[in-house]
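Letter by letter, the chains look like this.
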Amino acid sequence: MANALVAAFEILSFGAIIVLVVLGLGIIASMMGIFNFAQGEFVLLGAYITYLAYSHGLPVWTGMVAAPFLVGALGFVLEALIIRRFYAAPIVAMLGTYALGLIIRESVRGLIGGLYLSVPEPVGGSIDFGSVHVSAWRFVIIVITLLVMVGCYLLLSRTNFGLRIRATLENPALARASGISTASMYGTTFAFGAALAGLAGALLVPVFSLFADLGIRFLIQGFVAVMVGGVGSFIGPVAGAAVIGTLSAALPWVMAPVAADILVFVLAIVFIKFRPQGLMSGKGV
Amino acid sequence: MRNDQGNLNRRRFLGGFAFASGAIATGAGSWVLRPEWANAAAGPIKVGIATDLTGPIAYAGNADANVAKMVIKEINDSGGLLGRPLELFIEDTASNESVAVGNVRKLIQRDKVDMVLGGITSSMRNAIKDPIVARGKTLYIYPQLYEGKECTPYLFCTGPTPAQQCDEFIPWLIKNGGKKFALPSANYVWPHTLNVYARKVIEASGGEVVFEEYYPLDQVDFSSTVSRIISNKVDVVFNTVIPPGVGPFFKQLYEAGFLKGGGRLACVYYDENTLNINQANEIEGLASCLDYFKTLTKDDPVSAKIQAAYDKDYPGNFLFAAGSAATGTYRGLKLWASAVKEAGSVEREAVAAALDHAKIAEGPGGPAEMVPGKRHCKMKMYTAVAKGGNYEIVGRSEGLVDPKEC
Amino acid sequence: MAESGLAGLAPAGQKTVRRKLLPIVEILTLAVTVILPFVLQDYLTVFATRVAILALFALSFDLVWGYAGIMSFGQALFFGSAGYGVALLGRDLNITSILVVLPAGMLIGLVFSLLLGGFLLLGRHPASVIFVSLGTLTGSYAADRLARGWYYLGGQNGIPSIPSMTLGSYEITEGPVYYYLALGILVVVYLLCRFLVRSQFGLALAGLRENEQRIAFFGYKVEHLKAIVFTVGGTIAGLAGSLYAFHEGFVWPNMLGVVFSTQVVLYVLFGGSGTLIGAVIGAIIIEGVSFWLSDNYRDIWPIILGVLLLLVIMFRPLGLISFVLGERERVGSFGRAPKESRHAAP
Chain C
1 MANALVAAFE ILSFGAIIVL VVLGLGIIAS MMGIFNFAQG EFVLLGAYIT
51 YLAYSHGLPV WTGMVAAPFL VGALGFVLEA LIIRRFYAAP IVAMLGTYAL
101 GLIIRESVRG LIGGLYLSVP EPVGGSIDFG SVHVSAWRFV IIVITLLVMV
151 GCYLLLSRTN FGLRIRATLE NPALARASGI STASMYGTTF AFGAALAGLA
201 GALLVPVFSL FADLGIRFLI QGFVAVMVGG VGSFIGPVAG AAVIGTLSAA
251 LPWVMAPVAA DILVFVLAIV FIKFRPQGLM SGKGV
Chain W
1001 MRNDQGNLNR RRFLGGFAFA SGAIATGAGS WVLRPEWANA AAGPIKVGIA
1051 TDLTGPIAYA GNADANVAKM VIKEINDSGG LLGRPLELFI EDTASNESVA
1101 VGNVRKLIQR DKVDMVLGGI TSSMRNAIKD PIVARGKTLY IYPQLYEGKE
1151 CTPYLFCTGP TPAQQCDEFI PWLIKNGGKK FALPSANYVW PHTLNVYARK
1201 VIEASGGEVV FEEYYPLDQV DFSSTVSRII SNKVDVVFNT VIPPGVGPFF
1251 KQLYEAGFLK GGGRLACVYY DENTLNINQA NEIEGLASCL DYFKTLTKDD
1301 PVSAKIQAAY DKDYPGNFLF AAGSAATGTY RGLKLWASAV KEAGSVEREA
1351 VAAALDHAKI AEGPGGPAEM VPGKRHCKMK MYTAVAKGGN YEIVGRSEGL
1401 VDPKEC
Chain Z
2001 MAESGLAGLA PAGQKTVRRK LLPIVEILTL AVTVILPFVL QDYLTVFATR
2051 VAILALFALS FDLVWGYAGI MSFGQALFFG SAGYGVALLG RDLNITSILV
2101 VLPAGMLIGL VFSLLLGGFL LLGRHPASVI FVSLGTLTGS YAADRLARGW
2151 YYLGGQNGIP SIPSMTLGSY EITEGPVYYY LALGILVVVY LLCRFLVRSQ
2201 FGLALAGLRE NEQRIAFFGY KVEHLKAIVF TVGGTIAGLA GSLYAFHEGF
2251 VWPNMLGVVF STQVVLYVLF GGSGTLIGAV IGAIIIEGVS FWLSDNYRDI
2301 WPIILGVLLL LVIMFRPLGL ISFVLGERER VGSFGRAPKE SRHAAP
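Residue numbers (this note's numbering), protein chains in the order written: chain C, 1 to 285; chain W, 1001 to 1406; chain Z, 2001 to 2346.
Hint data in this document are derived by calculation from the structure and do not stem from the laboratory.
Careful: at least some of the hints might be erroneous.
Chain Z stretches covered by chain W per the calculated footprint, using a threshold of three residues with CB under 8 angstroms from any CB of chain W [said to hold, decoys possible]:
hint : region
1    : 2035 to 2044
2    : 2154 to 2165
Away from chain C, derived, C-beta distances all over 10 angstroms, residues of chain Z [what the hints assert, rightly or not]:
hint : residue
3    : 2135
4    : 2184
5    : 2194
Where a beta carbon is used, it is the ideal one built from N, C-alpha and C, also for glycine.
Model the full structure from these sequences, guided by the hints.
As structure tokens, this is what we get:
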């Protein structure tokens, strides 16, 4: 029984991590129709900023709070300068963002000297439920992910700003005709997606340590999750991330990790083949 | 007009292309340490180093490059070898086998070095040994601890072998940890082969292997493994997971209460460089068995001298440590130098014959001797335990330990 | 050949007859590559051989993307599988004869691309571009993980020390011999591809590229056309993979993986898709520039490469070849122009 609880917790926490990473990717894909190959590198930047704060003597959580804002700001700038040229051609967007990701990744590699650096978690130790020990920090990650998701949902469904975003999502031409500046919506969305990735990186770095290839790890899983969940809505990518994350974390408990790794992707592709619109089709929230 | 603009761009483009191709044809040099004096008679002796200056193993590769620079400078300052200065060529293998082969080819075919020393992971060694030894017909010295069974002619190994790392270490682990072992491993040749040997020693010493598993190198989530370790009440985790997975793995083990429950971590490549990957409390009590630890400088003057020279010239993050092949590099270069002196030339046959039985009296951790006919090296071994972020020696070998290879 | 065929579509104010530059570029490239070993030092010839093989690999991708509009992020799957296949032949069965391994590589590439292409492209609903690109990406990634995890294939290490390719008792080693072998194969395949895209089949492909729906309405089985091109591309990639394995002397999981797949996409993007020669030039330039950069700017060369790529993607998405060739030459011209070309234009 205790084993099952630990397993459930681990699966949940890994799923939460994937959701955080994919959320930004999904929002960008739904809104602008482009797959951002640099999303993993935004995660890396969030992790790097957290490490920077820590290595300069500041408490870790200051880095974690700063990371989403800084990465979001960078996302906003990049969108204005580079990304917006790609909206017309999604394939070129993938390659352009790949090149961007390459630049960011190699810059960080140069800055950290190609090493593996560890960052302690702000809330350390473990929480004990009877004989079950769970990592306190991973628990915090689950909580924060839930809060972020709820916050996003409320933002999108209850606020004026969210209304405008949803309008642009469902029908950009009509939105523009109604006076909503789609350009600034796209900019804000990209910045938001980047900020989410930055937050994910900041929360992840105590768990996974900082290294230059941190971002690539999540990229493919992220894309598959978005495709499985369905592009075009907010809840779709989240559902996809939950499914992929849970499968990726659960399968190694019952089979060899290598087979589990591959099986997740094979299942995902087969699923998408027979249900191209993903789990949740349709636009909007 | 659009046409004119096209012509202008084309001209510029073709001009740029011509320049680039010219630059490529002449070939600019990589990192080269040229001696200040060059004996015009025979020219310098060329030493090639191929190591990971970038990538996940860069923490070790940079240390090795530094050691090579230090040793070559020392040899040059005392008159060189055979009256000729040594010229050092360093290439980056980038923890990427494909890049490595390309760069090693530069050493062999463009720089025409007389000897190559390098490679850290076994996969790197396997990738570059062919271009060096078979196609390149050059001597190759491999400085890192590894899984053994490398018996290629003209390939000399100066790092510890499984026999040196396990024969005394595992009984110590059983006495100071427990009988139940787990073997979590990275999925490549070193862990596979090392585990075969380790399992033999574990079972011969009265221990039991509870499970043996292999993970992809970039796996960072080990929850199922950790859970299995805890639920099976494993006493000793004989770990062969390497960066990037090892940091998260040890952290997750710690969080699950493995150390609190009295478990012991064991990792035969863990040295001063890798101590920084985790927080000190996460690896408290971790045991390692290597040919050198920095704490030896307290009672071994030779080690102290070498360590001090390195620290003076190369202060910073790349530490002189045995799990990072730095000691193997030092040993390999010194043994090679003595072989060249004995052979009186740098011809591969002559040097290989001399290197076959080469000895050095002064090395980090103690003297070292090549075992004739085996191309492996006897050295002193030490068992150490991590306490509060530093190592404490808890066991020393009786003398030079035989590598028992080939 | 028809210049006036598409002249009716030229925008007003532009000269309607332009010199055909594509053959000139092709011949120039051929001339340069043929005399290269006489100009370069030995080890640079080895490097050039590698570039020639990669150019062949890039050609396979250009065929698939530039001529059939399939963004395949998984070409390395076929390249790497063929490499592994012939490596296993060499290691386990000691078969190294060129007469066996090259066809074997092509066969492996063909089978895998037929399977993957069939699965992704055929079916009741036409597959979206994004699905195919992600499907191929996933295929490449999954193959990489499989090879990394399967110890028989060497796991993370791959298969090292592959013996040299042989022709009878003669060993084909790296150097000018292998260079001319690779170059010869590249030229032959190039000519075959050139023939293919200028045939009636190529005409259908051009139509497919311009307007897929319309071509479908004309009765062409669009998905079958795509699958055929995909398979041809996969076969060529397999051929390149077997050449690469024997030249480098080892295979490893990265040869199957996403980074390698994306690299070939970048070669073609850089050089210019849809011209065949663009792929070759792109491979030469990127590999050459990387090589030179890594020598001189050892620490920051990947960053410089990334910036260069980004600039090309942003400002010259048609690739560098567009500096030299016009849009019409990229699309290609077919057969003989009908007499009343201007009125025939749709």
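Evaluation of the provided hints:
For the region 2035 to 2044 of chain Z, the stated coverage by chain W holds: 6 residues have a C-beta nearer than 8 angstroms to a C-beta of that chain, and at least 3 were required. For a cut-off of 8 angstroms, the count of residues in the region 2154 to 2165 of chain Z with a CB near a CB of chain W stands at 7, and the three-residue condition holds. Its closest Cβ contact with chain C, about 5 angstroms, brings residue 2135 (chain Z) to no more than 10 angstroms, contrary to its assignment away from the interface. With a least CB separation of 32 angstroms from chain C, residue 2184 (chain Z) remains clear of the 10 angstroms interface cut-off, as annotated.
Under the 10 angstroms C-beta cut-off, the non-interface status given to residue 2194 (chain Z) relative to chain C holds; the minimum distance is some 25 angstroms.
Checked against the numbered hints listed earlier, the structure breaks hint 3 alone; every other hint is satisfied.
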